[in-house]
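Q: Spelled out from the first residue to the last, the chains are:
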Amino acid sequence: MSSTAVSAASGSDAFTADGRHKIGGVILSVQNISLSFGGVRALTNISFDVRQHEILAIIGPNGAGKSSMLNVINGFYHPQEGKVIHKGQERKRMRPFMAARAGIARTFQNIALFKGMSALDNIMTGRNTMMKSGVLAQAFYLGRARKEETEHREFCEKIIDFLEIEAVRKTPVGRLPYGLQKRVELGRALAAQPEILLLDEPMAGMNLEEKEDMCRFILDVNKEFGTTIVLIEHDMGVVMDISDRVVVLDYGRKLADGTPDEVRANQDVIDAYLGGGH
Amino acid sequence: AQAQENGQFVPGLVYRTGPYAPGGIPWADGFADYVSLLNARDGGINGVPLVYEECDTAYNNDKGVECYEKLKGKGPTGGASVQPLSTGITYALMDRVRADKIPMITSGYGRADASDGAVFEWIFTAPVTYWAGADAIVQHIEAQEKSLKGKKIALVYHDSAFGKEPIKTLQALAEKDGFKLDLFPVPHPGLEQKATWLKIGRQLKPDWVIMWGWGVMNSTAIKEAAAVGFPMNKFVGVWWSGSEVDVRPAGMDAKGYLAAQFHGAGANYKVHEDILKNLYEKGKGASDRDKVGDILYNRGLISAVLMAEGIRTAMTKYGNKPMTGEQIRWGLENLKLDDAALDKLGLKGLMAPLQLSCKDHEGGGKVMIQQWSGAAWTPVSDWITPRRDGFLTEMYKESAAQYAKEKNITPRTCN
Amino acid sequence: MDFLYNFFISPFVQIADSPLFFVEVLTGGLLSGVMYSLVALGFVLIFKASGVFNFAQGAMVLFAALFFAGFIDKGVPWWGSLILTIGVMVLLAMTIERVVLRPLVNQPHIILFMATIGVTYFLDGFGQTVWGSSVRVLDIGLPQTPLEIGGVLVNKFDIIAAVVAGSLVAVLAVFFQKTRVGRALRAVADDHQAALSVGIPLKTIWAIVWTVAGLVGLVAGVMWGSKLGVQFSLAMVALKALPVLILGGFTSVPGAIIGGLIIGAGEKVAEVYWADAIGGGIEDWFAYMLALVFLLFRPQGLFGDKIIERV
Amino acid sequence: MLYREAGQFKTSYAADQQIFPILQDRVGIAVIAAIALGVLPLVATEYLTTTILIPFLVMSIAAIGLNILTGYAGQLSLGTGGFMATGAFAAYKLSTAFPDLNIVFVFLGSGVITAFVGVLFGIPSLRIKGFYLAVATLAAQFFLLWLFNKVPWFTNYSSSGVISAPPRAIFGDIMVTGSSAHYTAKYLFLLVFVGFLALAAKNLTRCHLGRAWMAIRDMDIAAEIIGIKPLQTKLSAFAISSFYCGIAGAAWAFIYTGSVEPLAFSIEISFKVLFMVIIGGLGSILGSFLGAGFMVLLPVILTNAPHILGLNIPVDMISHLEYMIFGALIIFFLIVEPHGLARLWQIGKEKLRLWPFPY
Amino acid sequence: MSQATLHAVQTASSPAVAEPILRVNNIEVIYDHVILVLKGVSLAVPEGGIVALLGANGAGKTTTLKAISNLLRAERGEVTKGTVDYNGRSIQNLTPNDLVKMGVVQVMEGRHCFGHLTVEENLLTGAYTRTEGAAAVKRDLEMVYDYFPRLKVRRSSQAGYTSGGEQQMVAIGRALMTKPKLILLDEPSMGLAPQLVEEIFEIVRQLNQKEGVSFLLAEQNTTIALKYATFGYILENGRVVMEGEAQRLMENDDVKEFYLGLAAEGRKSFKDVKHYRRRKRWL
Ligand SMILES: Nc1ncnc2c1ncn2[C@@H]1O[C@H](COP(=O)(O)OP(=O)(O)OP(=O)(O)O)[C@@H](O)[C@H]1O
Ligand SMILES: Nc1ncnc2c1ncn2[C@@H]1O[C@H](COP(=O)(O)OP(=O)(O)OP(=O)(O)O)[C@@H](O)[C@H]1O
Ligand SMILES: [Mg+2]
Ligand SMILES: [Mg+2]
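Protein chains in written order, with the working numbering: chain A, 1 to 278; chain B, 1001 to 1415; chain C, 2001 to 2311; chain D, 3001 to 3359; chain E, 4001 to 4283.
Pulled out of the complex, with its shape left as it was, chain A reads as follows:
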């Protein structure tokens, strides 16, 4: 698929030299978000922007509020204060499925696949929102339903090739090892062809080799479809290498926000998070 990427890249000024989509304007901005659960202040007055086509990393110690931040963005948590502005319009208390339908897909920290279903079906569910055929059509597998099924199946197969999980297509995901499950989950998110992709520790529990592949996938997705990516990751190597910008959270507060190098240099960040090792 990189070949197509190149062809896409050539000529148009919407692309950078290496064939990536140029980073555009703000597509989603969170403003003064505060979220607390009973006593626990998970987020306090957090603001940052997500720009189109960029890869934004959110890092921070455990319990800093990273996952909560994602949950706020796709409407699973409702912050007590602050607002989320998506494509210029403020989103009032929305339900998660609306976010999904508005083009925000995500993966989860504790894998949230549909255990009883095969890898393929899991990925197909990612496209459910686009399927329209009615009950009767489905019940008797009439033209429309059949057509739909095959079309979307083809798209999902693309993703399956892309993620190299052809072999386990029909295996119930419950039986897959952790790493592959993470991949299937990514596949499910990609199937929705999202504008913004939220990834919660996609590389946790992977060995180097697999992390490299995963990075490849993320970079390619971003390159191919220009998908904006918000990424939580604890592996600094990965974060520093692939992200355009980094937001650092520390126990609900925003510590820093900038390019990898700026962040790496930031003393607070070193103290609070990176520790001696890096």
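Treat the hints with care, since some could be wrong.
As the list claims (entries may be wrong) - Cross-link-like lysine-lysine pairs, in silico, DSS-like; alpha carbons within 27 angstroms at most:
{"hint": "1", "chain 1": "B", "residue 1": "Lys1070", "chain 2": "B", "residue 2": "Lys1407"}
{"hint": "2", "chain 1": "C", "residue 1": "Lys2178", "chain 2": "E", "residue 2": "Lys4081"}
{"hint": "3", "chain 1": "B", "residue 1": "Lys1282", "chain 2": "C", "residue 2": "Lys2074"}
Calculated directly from the structure, the hints in this document are not laboratory data. Note that the coordinates shown come from a computational prediction; the quantities given were computed from them, not determined experimentally.
Given the coordinates of chain A, work out where chains B, C, D and E with the ligands should sit on it, guided by the hints.
A: Quick look at chains B, C, D and E with the ligands alone, frame taken from chain A:
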């Protein structure tokens, strides 16, 4: 083996298990014992041995249907007569017996209007129906109260096909005799009746309570009635609410409780002597010796008698061999149990005489009221004759006609 | 119109002009509610301690009662029968653990639920094979007589039942919250495998819970048994306990009592005052509807553990 | 290697998306259909047909219905009996109100009506989950039965509250309900119905609706986050499930027993169907049939076994033993394969594939 | 590390000499009666050693650990061949409870906290098998809180609502509460912030040196795993394809390339990795 081939096959749809088993067991024992008695004492009916097989319905309709289907084919002439022992199952079988031409005897249960033999060719309600029972009970109450004008009577009933049967009659009578009828349905199984009885005992305070209950509902009702201090001697149950198993769990609370019966209680009739002599002496009895003569036992016994005498009568016309369903129906429709006949069977006093016909499948059975002394059932009225002519019979006709219409059956002409 | 009157006006009119009767109905309801709680408690125990919805609780009530009454009929003194029955229940618990639960460890809850239904069938069959299906009168000398307190009629028996249930709840509640075993029980309910991994012996744990549940069943059985006589129908009191259970919350011991009180009082009052409007015999479903309404506001029941929703 | 997918390559996704992608399966189905349609009607006795085949088919419909709700959408329900009753009474009202309405439409109509009722009682499922929901569905169970029992309108004011199936025919003169209907006619009529319903169910469960159900079942939060509307999906499951249960109820009343009172659809039925679904295999249409077969056959076998073996056991003992064995078997099967007979069958196939090697 | 343990390590690879604390002999594991996952895995953990179990996803690390701690049955898996000895005694048919009593505890992959219990209650369940009385338990509880201050902050909140990393800490702390002699750590670093990962491995080292606890850890983060381990095994779909002392492994070129990402020209950026490098397998 010999018997198997050329005996008269007798199917027994009983329930010795399930929530209603306590009532089902004695009935089944009584029925079984009488059949064994006939075999043991007279070698069957006119030399034709009876081959009896039970099938447990657990008082459950579809199981009942299955039992019926299973047994109806057995023996040389099939299960040529059937007694489902459950109003529910009766309904479930109504169509089938018509199709299979098998007479169904529902003694003291089932569908009252089936007494109209013109429409319900295959169903026999002898000796009495619920409607007749209800009427008899009201007659008794009237006898006690002199006039029913302005009296309050409450009906506590099992909220099912069975429990609803008397309502129509009682409403008609309330109309006629000018008493006020209040209805208190109790949902199956009837474990919980506090509210009902608080209402009856503490608020409504009726002059009489009639109960159409079955199973655990009965003893619970009696207990709760006692708990709200309702006088037992103003509390009449139908025959299915008037057996030992209903009053014993209630202990002394039940003393004085009344019940309508279409047969006597106790084991001091000739037939019981024979049973004890021919079966229990030889250890072949179905029940415990001391349970012989229990209300439900006797009822089972009488049901067996009706069937046996039906067969016997049929043989007078068709000869001494196993009878088919149609033959037995003829037998039943020409059955005549007058005092002489009852005496001969050793049933004198145990049940009232009756005579069936093509038109009348009920046969003019009678009802008596008995009272629980705390140890035994003792009659407190003599045989009451339900007011059939001009009242019940009309109701039967009317209701039967409607059924015929629904099922588009053309009533036969009896003469 | 007429319906509206019967529904919205007349009940309150009735209450107004005989408040004493209302009190009576209320107390009657509350007390019979406690009888449900006795059964519900058994469910709570096992659910709380293994996440299993033990359908067999009703059967266990019948089973225990059958054996107790059976022994007494055999002429064993009541305390003797009690000891024997306890023995039986312990045995039962261990068997169930060995034969049913151990092989099904870490299976989805619905499977275990299903298995307990299997147990129900078995117990129903077994109990009756041993003791037969006819009614057994069970009289352990509990007073049945009604007594009037300030014009309000209450039943001594019910009061005793209330006391028993109350004390049971107190003991169990402490057991679960405060003791080490109690904690282990709750852990098991959350995650069998993890519980294993930290060395919690499911074997013993389950044997314990089921024994306790069996004993609670015995108490319920004796209470209900001496009320209705011991017979197959006893198993059906379970159905009356279910609404209590969801209303109180599957995981809350005190909930079982509160639930019982609410259900009992609610259904009695409804039956007495609203039956005219909507027709009698509503107790059956009313309890469930009542519970349902509560659930809509608290999906985990009044006192149940919050259902954790997290990604 | 009798059973193998190897070598059956799919050249298009369409081909891969057939109901039975594997040849052996297709053959198997064909054979079964042939037997059911061609052989059984000829050989089956009345007893066999009326007490085994027909109830089996009826229960299969109900089982499929519940399997859709519980097995696929993961909403545990104990209201099946109530919904079946709804179907039965709806069918009765329809057929008596419109005497010349074709029985097929009567059944479908009763299904639709039940679907609405199902949706009504499904609404709480948005908030209530798991066993709480299960117990809550009992509200439906008891309320519906009470309703049919109380309101005489449903029974056309029959004093006893019992309804009995009016005689109806298809193709003009072939009676399929009522006393005069021949049992084989009933059987075939029902069989065709079941065939269509099963096919439809199978299709539904492998299209996007089915996937939505399963997603909700496996993890409702995640499902919502990827864009599946929980309420819609759950209600659709309730609707379709109830549709099946409704038809099952109608068939029960009209074709199996011929007459019912509400009590016939008591809570026991609800549990029965639940067993079928679980024993057969949650989330498997095939399982629904296996389960129904198991649950219908077993008791019959158990009750008749003593006779066949020539043992002379008193009936009460028999049915007590029946209870015990039945319970024991349920447990046994769950232990052998918690995912039900269907899964057992699958594993069997996998072993066949590997055969003669152990793995 | 001390000479003694080093010696133990060398012998560990070559059987028959001084018995190691744990010896797994050529075990084979099947799931669901049909899925063959381990095809003869053998390994040994020396008394007081830290052994790393490396390998790609699906290699069988978790399965191996579960086979040792007897948690397989709960997954409908079974050991069909081979033996597992702990202190020279076979432990295959002991219950996990017995094992914990003997000092073998597993930290399960993917947390598995008791969601409804509070963090503290979670930790206390770890002490279920302890018998030395409340005081000792209390002390260890405090120890765990020193290790993970974050947990102390969240001690009274339901574990189900704590963050991924916090749950990971709970899982580890809970295992420590059992006072183990041999800990089977499955992916300890998963989802933990960098400095915390360092800390965890420091804890491992401390326990190992102070209390002489032995470790078998399945870990993806090869770099750090080998940094702390004394000995390592590499698993490739169900077989041990390589074993040796940590240092040696680290020097091995293949390991360098595929597990440490240190190609000849040194560590290269994730950005530049060329796409889907075909894996070199050892089989
Ligand atoms: N639903 C909830 N209820 C109560 N507390 C919560 C809830 N969700 C998160 N928290 C708390 O908010 C804080 C932030 O949680 P979050 O999961 O966002 O952390 P995180 O940054 O993702 O940490 P990690 O890197 O370990 O995943 C944690 O202390 C957690 O306990
Ligand atoms: N319960 C199960 N049923 C069937 N197969 C299983 C089961 N658990 C694991 N497997 C299979 O066993 C193989 C090894 O799984 P395992 O989890 O041991 O790998 P792993 O090395 O731990 O991978 P990871 O590093 O992702 O955790 C995998 O291919 C997986 O498909
Ligand atoms: Mg997180
Ligand atoms: Mg693993």
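Q: So which of those numbered hints doesn't the model satisfy?
A: Those not satisfied come down to hint 2.
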